[in-house]
Amino acid sequence: MAGGWARDGAVQDQIDDTVSDAVRAARARMPRGESAEYCDECGEQIPEKRREALPGVRTCVACQSGRDTAVRHSAINRRGSKDSQLR
Numbered sequence: 006m007a008g009g010w011a012r013d014g015a016v017q018d019q020i021d022d023t024v025s026d027a028v029r030a031a032r033a034r035m036p037r038g039e040s041a042e043y044c045d046e047c048g049e050q051i052p053e054k055r056r057e058a059l060p061g062v063r064t065c066v067a068c069q070s071g072r073d074t075a076v077r078h079s080a081i082n083r084r085g086s087k088d089s090q091l092r
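Just so we're on the same page, the numbering used here is the position in the sequence shown counted from 1, plus 5.
Worth flagging that the hints you see were computed from the coordinates, not collected in a lab. There could be a bad hint or two in this list.
Label-pair restraints from in silico Cβ distances [unchecked claim]:
hint, residue 1, residue 2, range
1, V16, R56, 34 to 44 Å
2, D73, D26, 15 to 25 Å
3, R32, R55, 10 to 20 Å
4, G14, G48, 48 to 58 Å
5, R72, D22, 18 to 28 Å
6, D22, A67, 30 to 40 Å
7, L59, D18, 49 to 59 Å
8, L59, T23, 19 to 29 Å
9, A67, G38, 16 to 26 Å
10, R12, L59, 37 to 47 Å
11, L59, A27, 13 to 23 Å
12, E46, D22, 44 to 54 Å
13, Y43, D18, 38 to 48 Å
14, D26, E53, 31 to 41 Å
In this text the structure is predicted, and so the values were computed from the model without any measurement. Positions of the beta carbon are idealized from the N, C-alpha and C atoms, including for glycine.
Let the hints inform the model, and build the full structure from the sequences given.
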């Protein structure tokens with residue numbers, strides 16, 4: 006149920022767009038090509054199973070974990086609810 010000038014289903018369209026944007030961004034960050042044999046950050050050998058599972062991987066598990074925790078998510082609020090704006 007949309008309100009105001011929005012058409013019915015507009016909220017679901019916003020949710021779908023948010024999910025699609027997140028999937029597209031995640032796919033764009035995925036490595037491609039030939040995997041490195043040694044980690045670009047620490048120089049440790051990258052296990053063969055990791056290189057097979059993730060073509061184009063450039064870092065070991067430990068270094069990638071550090072990168073993943075440092076990534077910040079977008080603060081865009083497409084829904085614009087009053088509750089989320091008050092936080």
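Hints versus structure:
1. V16 x R56: 34 to 44 Å: For R56 against V16, whose Cβ atoms are near 43 Å apart, the range 34 to 44 Å holds.
2. D73 x D26: 15 to 25 Å: Given about 19 Å between the Cβ atoms, the range holds.
3. R32 x R55: 10 to 20 Å: 19 Å Cβ-Cβ, so the 10 to 20 Å window holds.
4. G14 x G48: 48 to 58 Å: Given range 48 to 58 Å: holds, Cβ gap about 52 Å.
5. R72 x D22: 18 to 28 Å: holds (27 Å)
6. D22 x A67: 30 to 40 Å: holds (35 Å)
7. L59 x D18: 49 to 59 Å: Hint violated: Cβ distance 33 Å, outside 49 to 59 Å.
8. L59 x T23: 19 to 29 Å: Roughly 26 Å apart at Cβ, these two residues keep to the hinted range, so it holds.
9. A67 x G38: 16 to 26 Å: holds (22 Å)
10. R12 x L59: 37 to 47 Å: At roughly 42 Å between Cβ atoms, L59 and R12 fall inside 37 to 47 Å, so the hint holds.
11. L59 x A27: 13 to 23 Å: holds (19 Å)
12. E46 x D22: 44 to 54 Å: Taking Cβ atoms as reference, E46 and D22 lie about 34 Å apart, which means the hint is violated.
13. Y43 x D18: 38 to 48 Å: holds (46 Å)
14. D26 x E53: 31 to 41 Å: Given a distance of about 34 Å, which is inside 31 to 41 Å, the answer is holds.
Comparing the model with each numbered hint stated earlier shows that hints 7, 12 do not hold.
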